[in-house]
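Undergrad: Listed here are the chains, written in short residue letters.
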Amino acid sequence: MAAMTILAVDDSASMRGMVSFTLKGAGYQVLEAVDGQDGLDKARGRRVDLVLTDQNMPRMDGLTLIRSLRDTPEYKSVPILMLTTESSPEMKAKGKAAGATGWLVKPFDPKQLVAVVRKVAG
Amino acid sequence: MAAQNKDDGGMAQFHAMFFEEAAEHLDHMEELLLALDIEHADAEQLNAIFRAAHSIKGGAGTFGFSDIADLTHEMETVFDRIRKGEMAASAELVNAFLTSGDLLKALLAHSRGAGEPVEKSEVDALCARLRAFLIESPAETAKTKPKHHLELTFGPFDAAFGSKDVDSALADLAGFGDIEEIKRKGRKKPLERRFRILTEVSVRHGGRAGLHAAHRQDQGQRGRARAAGRGRGAG
Chain A
1 MAAMTILAVD DSASMRGMVS FTLKGAGYQV LEAVDGQDGL DKARGRRVDL VLTDQNMPRM
61 DGLTLIRSLR DTPEYKSVPI LMLTTESSPE MKAKGKAAGA TGWLVKPFDP KQLVAVVRKV
121 AG
Chain B
1 MAAQNKDDGG MAQFHAMFFE EAAEHLDHME ELLLALDIEH ADAEQLNAIF RAAHSIKGGA
61 GTFGFSDIAD LTHEMETVFD RIRKGEMAAS AELVNAFLTS GDLLKALLAH SRGAGEPVEK
121 SEVDALCARL RAFLIESPAE TAKTKPKHHL ELTFGPFDAA FGSKDVDSAL ADLAGFGDIE
181 EIKRKGRKKP LERRFRILTE VSVRHGGRAG LHAAHRQDQG QRGRARAAGR GRGAG
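Taken in order, these protein sequences are the chains called A and B. Numbering-wise (the working numbering), the first sequence opens with residue 1 and increments by one. Numbering-wise (the working numbering), the second sequence opens with residue 1 and increments by one.
Among the clues, some could well be false.
Unchecked claim - Listed below are the simulated DSSO-like cross-link pairs for lysine-lysine, each with C-alpha atoms no more than 27 Å apart in a straight line: (1) B:Lys-105 <-> A:Lys-92; (2) B:Lys-105 <-> B:Lys-120; (3) A:Lys-96 <-> A:Lys-119; (4) A:Lys-96 <-> B:Lys-84; (5) A:Lys-92 <-> A:Lys-42; (6) B:Lys-105 <-> A:Lys-94.
Because the hints were derived from the structure by calculation, they are not lab data. Predicted model, so just to flag it, every value in this text is computed and none were measured.
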């Protein structure tokens, strides 16, 4: 069975690197995007099985990316996790309203990231 | 995480990436701060400064550099208020941010083994300095109220309202601002009395001052100031 593909969206190269390193080590394929617009373009270019996105990014932030993906028929039910330093109840409510499946707070524990991804995406 | 436990070289690679990114963010932040028009701050510049602090904080927390994370957290909190219009930028604040940027560079240099250690007390003091901006500015747009000069004329006097009634009316206006009578010469029985008032009460340029309603609202009193005035902004 082909490995599942995860789209990791973050404007920080080191953060994308850490996420990619962690998830590839767990057997996933990882596609990286540098901001929300890049993430949207790449998600529409090929099917991904899970999206992992930061919130504060130039060009397009995480919430806008999520809303745009949910407006795309192929992504109505694809799991989308936010991975961000933001943790306020207000932001989480906004994330949920936008269509986020779950929320992980930075700094993240790599083992927890893998566990959540496995639970959500399989 | 097997790879993480057995391959420290992998983690070192990400540290190096973080140091490089943080240095770029700090240089960019410094450029933006030095170019910032405090009176008319550009929204995208403010957002960019916030994102720079936010990005450094995220990476610092992830890679375990707590002093860097603590300081950038304070910077992020202050600039979040500014970009949302909840507090105003100031020269003092920009200076505090530039100082914070310098300290972050020193912290990063030490973290990558290229500089002297930074005293925690220095980081704590700068964090406290940044937090003080939040205490000084309430969580709303902090703008100094403009002051206006009003010229107030009571009169012409008649049987119902005379010169002696002016003092009573002025007493009701005591909370409005600084009141100075414009003295007239050569008249024993003036038909009117004129005053200059410096006040924060908003008035329309060249229009009638809404003193009656504004005064009632301000003082919560029933008395009326039987006056009309022309206002202009303080020079």
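Undergrad: Decide, hint by hint, whether the structure agrees.
TA: Going down the list of hints, with the structure as the test:
The hinted pair formed by Lys-105 (chain B) and Lys-92 (chain A) fails the criterion: a straight-line CA distance of about 32 Å is larger than 27 Å. At most 27 Å may separate the alpha-carbon atoms for a hinted pair to count; Lys-105 (chain B) and Lys-120 (chain B) meet this at roughly 15 Å. At roughly 18 Å between alpha-carbon atoms, Lys-96 (chain A) and Lys-119 (chain A) fall within 27 Å of each other, so this suggested pair holds. The suggested pairing of Lys-96 (chain A) with Lys-84 (chain B) holds, with an alpha-carbon distance near 22 Å, which does not exceed 27 Å.
The straight-line distance between the Cα atoms of Lys-92 (chain A) and Lys-42 (chain A) is roughly 25 Å, inside the 27 Å bound, and the hint therefore holds. The hinted pair formed by Lys-105 (chain B) and Lys-94 (chain A) fails the criterion: a straight-line CA distance of about 34 Å is larger than 27 Å.
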